[in-house]
Structure formats: structure tokens, C-alpha cells
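Asker: Mind docking chain B on chain A? Use the hints.
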Amino acid sequence: MTDVMALHASTEIPPGEIISSDDEENVLEEDLGFGNIILVDNLPVVSREKFEKLVSLIRGIYGRFGTIKEDWMPHDPNNNKSLGYCFIEYNTPQEAELAKEKTNGEELLPGWTHKFAVNMVDDLAVPGTEVAKEITPEHSVDGFAAGGNLQHWLTDEKVRDQFVICAGSDTEVLWNDAQYLKSELFHKRNLWNEDFVQWSPLGTYLATVHREGAAIWGGASTFNHLMHYAHPQVSMIDFSPGEKYLVTYSRHKSSNSSDANTIHQVEVNIFDVRTGKVRRNGTLNDFALGGPIFKWAGGKDDKYFARMGKNILSVYETETFLLVGKKSIKAENAVDFSWSPTDTILALFAHESGSDNKPARVTLVQIPDKKELRQKNLFGVSDCKMYWQSNGEYLAVQVERHTKTKKSTYTSFELFRMKERDIPIEVLELENKNDKIIAFSWEPKGHRFAVIHGDNTRPDISFYSMRSAHNTSRISKLTTLKGKQANALFWSPSGRFIVLAGLKDFKGQLEFFNVDELETMATTEHYMATDIEWDPSGRYIATAVTSIHHMDSGLNILSFSGKLLYQILKDDVFQFFWRPRPPSILSPEKEEEIAKNLKKYSEKYKEKDKEVPKLLREKARGKRRMLQEEWEQWESRWQRLHEEDKLERLKLRDGEDSDEEKEEFEAQELEIEELLDVIEEVVSFDD
Amino acid sequence: MRPILMKGHERPLTFLKYNRDGDLLFSCAKDHTPNVWFADNGERLGTYRGHNGAVWCCDVSRDSSRLITGSADQSAKLWDVQSGQQVFTFNFDSPTRSVEFSVGDRLAVITTDPFMELTPAIHVKRIASDPADQSAESVLVLKVPQGRLKINRAVWGPLNNTIISAGEDAIIRIWDSETGKLLKENQKEEGHTKTITSLVKSPDGSHFLTGSLDKSAKLWDTRTLTLIKTYRTESPVNAVAMSPLLNHVVLGGGQDAINVTTTDHRAGKFEAKFYDKILQEEIGGVKGHFGPINALAFNPDGKSFSSGGEDGYIRLHHFDHDYFNIKI
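So the sequence lines, in the order shown, correspond to chains A and B. Just so you know, we're using UniProt numbering here: the first sequence kicks off at 1 and counts up by one. Just so you know, we're using UniProt numbering here: the second sequence kicks off at 1 and counts up by one.
No lab work stands behind these hints, which were simulated from the structure alone. Honestly, I wouldn't trust all of these hints.
Listed next, the stretches of chain B that the computed footprint assigns to chain A, with coverage defined by at least 3 CB atoms under 8 Å from CB atoms of chain A [said to hold, decoys possible]:
# : region
1 : 68-82
2 : 141-147
Think about it this way: if two alpha-carbon atoms lie no more than 20 Å apart in a straight line, the pair counts; the simulated EDC-like pairs of lysine to aspartate or glutamate are [to be verified]:
# : chain 1 : residue 1 : chain 2 : residue 2
3 : B       : Lys201    : A       : Glu643
4 : B       : Lys229    : A       : Glu632
5 : A       : Lys182    : B       : Asp73
Glycine residues also receive a C-beta, built at the ideal position from the N, C-alpha and C atoms.
Chain B with its partners taken away, still in its complex shape:
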């Protein structure tokens, strides 16, 4: 499996997202400019200029017309995917960390970091189909009881009825997206013990996977928030992905960026590790990055995946034929 190396960012990668058709790959990095690439050959299509800070997260609408990005410049922006034009800017008083469109793309959930006196919050915005009607008003603002600790991911639950959030306090919470009431928290005993860095839903939304600095990833039932599986690895997990095709999950990470230069690259374990989703057994790993892996994404067709690293590279992997015949 020969990866395609995509060098378009000057700073560490933060997030990767495929559109639904699986032909476009959107990448966010600590430099201020998200990129869009052909998911097949890794050719860069364009950039989205306008942010003035690290871009932490993005999402693309189902019809691939709109892109939403969240940035440390205290804004979230809506973009026209094709022209690269800014459509709208949501301004906040603190950096935005996570963004996601709802089912149907009429809502977006945006999280903001704690900043100065502000505590972290989850905002729900209505997305107008015509940009002219777009309003900056929040439909709902959830104040999250985690003090100064960041929310790293907030995503929509089934039928947009709920919002699932996770972050530095290592607790997963499910909120009612209508009333803003806290519905569930995960059982402490079975939960993560350190910061949850990433959260990804299964294609049908039935379960989701969280990765944490406690060197594990956990699979949860979306409705009941019960723990289904735990995957243990040797290094902190920064990114997770789930194959839409096979029962595979991928964990990416590596030792803290602070420690990278102090040791041999072998020690870093900058590897994307594949696990059997059901049996929880390790299948294999894909090496290559020179720093921790910060972002992972599966192509919706399940035949390729890409990883983004602290090293500023995106590595796009099309699976070999052998991959589809792995038996354990």
C-alpha cells in the first residue's frame, strides 16, 4: 500500500473530512487555511481563505455545497464549497473547537472553548438554505458543567434529537437538542480516564467511537450510552476512524508532541492502528508519519483512508486487495 503524500499545510493537521460521495477530502490545520483535495489522486482543488487562527474542525453538507469550519479566531464560517467564498461568519467570544451539520443540514452544532471568564458552551445555529436569510442567532446555547475544561467534540444524535459531547473532563454527555437538558452521562467506571480527543459516529449513527489520551478508544451505543467495546493501545489516542465497509476501527496518535524530539522516532508509535471492531484485536498498523497522528478519516466507500499528522502531511492510503481479505 503506497500512500499519497499531500503537502498543503504549513502547520500540524487538526481534522480531516470526506464528503458523502467520497470524492472530496477537506483538511484543517493549525495554519489558517482549510484545503480541499481530490480524494482519489490527492490533487489539491482549492483553499478556503479567511480565517485568522488555527482551524480545528470542519463539516461538509450532504450535497457538498456548504462547508462549515471552526477556528481559534473565535469564529465559525460557512463557505461555498465550489467557489471557496465565505458565505457567513458566526462570531463568538472564544475559540470554536468543533462543528457539525445536523441530519438534513438545517442546523449546526458549534462548541466554544473556555476563554477569559467564559465557560465552554455548545451552540446550535439554524442554517438557512438561502445565505441571505442566514442569522447569527443561536437556537440554543448549552452551558456545559465542566468549568475550564474544553469540549473537544459535539455531534448530533439520531434524528437530531440529541447532542453528544465529549472533552477534557473525559465524560461523554448526551443532551436534549430541543430543551438543552442533560439526558445522560456515561458510567464513570467504564468511561475514559483522560481527555477525550476525538469522537466519530458510525455511518448509521447507531454507535460511536471515542479516542482518549488514556491510551484507549471506546465504542458506545448512541441511544443508551452503554459501553460496547474497548480498544487498548500503547500511546495516547488523538484520532479515531471507523470503516464503513468492514468491521474495522482505526486509532491514531503517538506520544505528546512535547516529547517527540526527545526520543527516537521508533518510540513515538506514530502509527495508525487497525483493530477488529467486534473482537477488539489488533489487526495491523500503518506507519509513516514523523509525528503524532492528529486526524483520521475513512472514505465513505471504505476503500481508502487518510491520516493527518503533527508533521503537516496528509497521507492518503488506498487499500491493497489483501486488506479486504484479512482473517483473524
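In isolation and in its complexed conformation, chain A is listed as follows:
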């Protein structure tokens, strides 16, 4: 099979789509053989409305060959259209066989251009069957076979999240069983990786990095080896956002350069994650390897990626791995670019050019047509940083400018509203524009952002909203917190809550702030914390001390409101990551509806939640009782032996009885009552 076909197959039906569908029965069927299931291909692609019609038509045709136990026509969640094929399950393999014989190559309706292509699911070992492989892992040949449902962890009964922790030579994946105030081991391996581990962006795979290359692991009940990607001395890996491709980088000293003036070469391989084949590779000269050189466009499609060269920006598309429009975009003096996290739009920042007096500018370019959506010229710029909001609705450009004397700089923000007509831009200056910006962070999926600014030792933190009370297209300031010990911002992935963290010099000060109410929920400390990460659900937050400080390294798990739930102490922790979750498959409207009627939905969990602490208490009490009894048993056994030895001990001590010391001291409870004063009074009462 050619790569292109494999690619097509997997673009048509993202693995997540099948597995995360609620249709439990389909999962159950996996236990049986697939002899009684057929795959009918070459159906027309229809929209949601015509779905029922097509299904009933197919049922009509295929009902003639036997009893249809189950039929299932997958659809593309993006546009709600069918994918042009369906599965039909009969009661017996014989019926399925018959249906296949009778209809393969036949027309759906007389005169129809679509000719059925019918296959037994069991027989699918011919080209064009990548789809079948994905859903019938037992029949697949590659490493993905043994893994089972790669997204099984999402179906956890207690809806827990997982995290990976690397300490010393051990790598462990644990469940965060926060309700029971503990973690539960899911998988542990010694010497799993040689350098580091990394989750894929949707959490499907755990990648381990070795001297010879990278490998990915996944599966339902354990981590099976799925695929490896050879790349000697690999030092960085980068998944595409939809997990279709893996880019590996390694840095080498250029062979023809002298030691004094070393030019570094970066070797790059782009792999197809599922087939393990190299799609493109090459060597780049003169690159510093600060972050991924190739940046992927946002969204799950993995269609485009780009890299910046000298005065050019090269955008590639993944169908052919060639330049979009066969040539790079000219980008004079460009120094930085970033993709919108959701759309195929990129923002490009170019410095001013001295020769022709062109100002510095930020340009928004749409791919693939390379249309300039918006441009903004900026004067006197010294530096510029770009921050996208996670839904790609807003782009903030932090611009640092020289003052007239060129002695110092001041900062302002250019805020782009991406989803509004003509992309309006607003300029925001802080009240004290000489304030140094220490950190900037958008509320995920939200309209607010936080900025730490000012003095390094006691900076202020300001919150802004892209909406004001009366006008949704005006920026308003929410509040400023003065003199905080914080230098990093960590928004909850579901917004609303933020952790203002003082890492490094502030030694792990943490403040939990509710931005809706603009109030501090808790302040706490994890001494010398180096890493802070919210779990993907926004319910818990982990603070970690990784071994940079080589002491007390370990992990604290806190609730969203800052309550310490439990600790994991380990030596030499050097990596900690929550397992990412794929984006919710609910529509935004549905999510909003749930948020609104949360009470109704949470009702059924309430009872369960109430039981947990009770259960925990009882368990703890039971355990204590057991320990106590165990101890008493042990002690009484020992005392008997001790008694038996008494004579010999007496002899050793020259006849002095040494056993009385047990009775010499004993805890006694003494109650002393002291009468201080007694007053007798005659109390009269009137009736």
C-alpha cells in the first residue's frame, strides 16, 4: 500500500472518532470474531438530514440476505456528513458471506453511479483497508495491534486523569485518585527511556526518547510498544497537533567547520506516526535548536507546517510535503512567527529595515492562499512577542519600544480580534508604561488575560477582559493586585481560576485566585517548586520540585482551590506531565447548556461524592483497628517468650530482677478537681 493511501485512510477517520463515540456495543463486539460483519464502501456521502434515508435504503437492500443485527454508518464530526461507507453485522457469517457475494460491484439503485464495494471485515488485508485495521486491532499486523483501544484511559469509571513521572531510572504512569487522596499506579518501568518522555498532544501516545531514536507507547490496560522512529542522537521531538506526524531533531557539529567557529547542523526527520515511515528529512545549517524549527498549523487536520528562513517563510502542506503554492512567502526581516491554535492563519513579525526605512510590522497571513488578512506597522520596536488565545479568537502582540533617548524601553499590547470583521486592533498600554512585563497569559477559551508587570521583587498583577460591561468589543481592566510575590501565571484549562506562582527567587509561593469573583481563594507554598501544571480537566493542579534542586524532589497534588490533597515524595524527579485529553466532542452549545444546568447534571454524582469521605473514614478506622490488633497479638506472643527467658536473664544480672522495669513507669490518667470557691445565694422568683 502506498503512503498516500494510508494517509487518506487515516485522515478520513480519525481514531478518536471511532473510539470516543458513545456506541458501547461496538466496543463490545470486538470480543467476537468479525466473520459476520461486512464493510460496504462506495456509498454516497450524504448530509445529516439524509442519513436516515440512506440507512433505511441500505437496510432494505441488505435485509434480504439475513437478519441485520446491527448497522453503523460513521460520520465526520466536523461537517456531519457520512463518510461513504458503513458496517453491517449479521447474525451468522453465512449471511454476511451471501450479502457480500450478491452485492459486491452492484449498483445501489438502478442507474446509480455508485457501485457497492463490499468486503468481509475479517478479510480486510487488501489496499484501502487501513480503516478496518483501526477498529479491529486483532486483525492488524503492525504494533498498533496489541494496544487495543488507545484511548481507553478516557473511559475510566472514576473519570480520573493520568500523569507520568520520571524519577531516577524509573518512569511511572499513575492515576490521580484525588478523591481517595492518593495516586494509583497504572504502569511502571525501569529504564524505559534514555533521555526523556513526552505525551502526544491528544494524550494517545507516550513517547520515549532514546539514543537511537524515539518510540511511542499506548494501549488499554498497559503501555505497549506501538512504533519506533530511528533517529540517532535525537534531542527533541515534536508531534503535530493531530498526532499524525512526529518531527525529530538532533543537533550535530558541522563537519567542515573549525572548532572556534562551530556551525551547528540540525538534522530533521518527519515521520508518519502510524506507519513509522519517514515522510521527509533533511539537514538544516546554522540553526540554533531552541524550540521546534517546524511549527504546525493549529487544529487537528495537520495540513500545514512552516519554518522560517532568512527573509522567507516556507509553508509546507502534508499531502505532498511540498511548499504550498510551490514557493516560500517572502518575509523581509522576519524574526518570528506563530500559528493560530485553531485556524490556518499565521502571524508574522518583521523588524524594521534600516535600508529602506520600512517600519516593523505584524502581518496575519491566511494559508493556503497566502492572503494578508491584516497588517500593522509599528515604530521604534525593540522586541515583540505574540500570544494567541487558545480558541484563536484573540491575538496579543506584546511590543517593546525604545524611548526617545533609546536608554530604556516601554511596553504596549496590540490586541487583534480575529473572529470579528476586518480584524479590529486595539492598543493597550499599562497605567505605568515603563513597567517591565514579567508574564502574560490568556484565559483558555476565555476573553480575559493576566499580566504580571512592574518591579521584579514586588510585581503587580493586572487582569483585563476583551469585553467591557456594556460593549463586547472594548477592553476593560478588571483589577490590579499590588505587590505580589509571583512571576508566573497558570490559568486553569477551563478558565476562571488562576494560580499566581512565585517560582525560582520567590521559592514556590502560590496564590489561588478566582477571576470571576476577583478574590483570593488560598495562598500556600510548595517550597522551591519548579514545575506547575493543571490537570487537563482543571480540577487539580500539580506542583513539583524536579531534581534541579536535588533535594526534597517530589510532587504535591492540590485541588483547584488550593487545598493540598496528597504528596508524592521521590528522589531525582526530573519530569512530570499530566496526560493530555483530546478536546471535548461536545459542541460549544451543549457545553454551555451543561454549564448552565450544572445542578441537574451534578445531582447524580453528589450522592457518590458524599459516600467517598465516609468510606475513606471507615477504611482508615478499619485499618487502624487491624494494625492495633496485629500489634497486640505480636506483643503478647513476645511477652510469653520474654517470660520464658526470665530465669536466664536473672542469672545474667546476678539475680537482680530486671523485668520489673516494665512496671516501673506507666501512663496514668489523673484527674484533679479543685474547689475554688462556693457561693450560696438565694434566688427569688416571682410567680
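Answerer: Relative to chain A, chain B alone:
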């Protein structure tokens, strides 16, 4: 609970020991002079001058007449507790690390460190009731199969029939004190993973507690050498103690002395941590030292305890009334 600070040593403390009556406290330090204190008010009674190196360990006879000390000056000395006079000196060819009198005080077990070509060894000496009859001969010498690794503690088992040793190889061994045969080693899976720094027996000798740099302390059955309990803490354990009165154990330690100056004192965890012996749960902690805790001892009456630190101080704590009513 207000501690009494006792400043009598110029160097870090190494060991603390109460006599049986609980009225005297003996302290050893890296300076060369062990001290004796009133265990009630912390007043210093006297010193024992004569050693020429750090003093690692001491023990006092049941009748509080004799003190034995082991020092890095390659000797162990017997002292008259009351007069402070040296009674006898056992000379070795390597530093002595641990000393203990047997039940009945007629024997003493002394361990020596590996030094030059010498491997670590456990020596058993007979202690004569009349100093004039005292001999330097060893009754028994145990060569311990741990190469260049030190034995940090060796104590007598029940009825002096056995000797229990532990040290840098993290293995606890039980020896026959008559024949010198190795009787038992602890199960590797349940044992410590790093140097065992301290070992203390329960008052009746039924169980003993070991502290280790692996940040844990473990409770063992003396007869069977089976693991009974494990107590986990956040920093290496240098010293352990067991309450003779309540089911409490105390762990002391803190980060390595080498790293102390590099970080904030808060990070050091120089705390004596109390655990429920049976439930293995932490009850509380006593802070105060400016360096790791190297020595801990409980008064035999269980109503006070003292801790000795790398900072050169001994802190003597008489428990508040609340302590005796802790419930978990």
C-alpha cells in the same frame, strides 16, 4: 514545650544516652570530650577527658558506675562515671564506631571501622567487675563481609545470645555471640536501600528500630528479623528513638550536612518527627536545631527526650501535658 538548650560541645553531637534511672544524660560529640548532664535541668555534671578524636558512641552500665566510649582515636575507653577517671583503654588499629554493654554488663560489643587494610570488625570484650582484672583480649572477633563499608551500630540481642549489626551496606545481620556464626540477614526486598545510620532497641528488647539515609525508619522483630513497620519521612534519617511509655517513635535527621549552607533552613527539615509506632502515622514534629539532628534519646520514664544536632547543641525537651493525650 520549652526546650533546655545545652551548650557543652564545640563540635557536632554524635550520640546521646540516658542511664537507667533517667537522671543522667551522657553526650558524645566530634570534639574529644564526652559530657554528663543532669537529665532534669540540663546542668552539666562533668566531662570525660582522655580521648584524642571524635567520640562516636557510648553506653552506661545498669548501675551507672561505668561508662564505655568509642572514639575515632582507635580506642574504646572505660570510665568511672562518678570520678571521671579512665579505668581502662581498649586499643585497636582502626577507629571504633559503636559500643554497648551486654545484659548484666559483663560483656561489651565494640565495632571498628575499615581502616588501611583492615576490614570492619565486631569485637566482644569481657568487662571485669574489678578494673585490676580487666584484660584487653577479645572474647570474639567477627569479620563482617561488607568490605570497606562501615558498621554503624552493633547491639546485643536477647539474653546476649546474639549480636545485631547494621551499617553502610544497609543490611541488618544477626550473629551468634558464642560462635560468631552469621545467623540471619534481613530480606533484601523489605530492607533499607541506603546506609543505616542508627539502631535502637525497645526497652524489653523485643523489637528494634533502624533509621537510614533512604529517608525511612523500620521496625524489626528481634528474634525473627522480620519487618514489622516502616516509617517514611522527607529527609535522610540520622537518629531514631522509641518512647518507652507510649507507642511513639521519633525520627531525626535532615539533609546532608554538606548541603546545609546552600539552602534556606526551612528546606533542611531539621525536625524531630514523632510517629505512631503502630499506625505509622505522623503525629507531629519538634523543630529548633539549625542543622541536621544526629542523636536522639528518650528518657527511660518517657516524659522527656533530648536531641543532639550538627549545630553542637543538645536540646532537652520535657513533654507538656498535652503530649500524653494525643489521639489520632
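Asker: Decide, hint by hint, whether the structure agrees.
Answerer: Results for each hint:
no.	hint	in the structure
1	68-82	violated (count 0)
2	141-147	violated (count 0)
3	B:Lys201 / A:Glu643	holds, 18 Å
4	B:Lys229 / A:Glu632	holds, 14 Å
5	A:Lys182 / B:Asp73	violated, 50 Å
Hints 1, 2 and 5, counting from the list given before, are not met by this structure.
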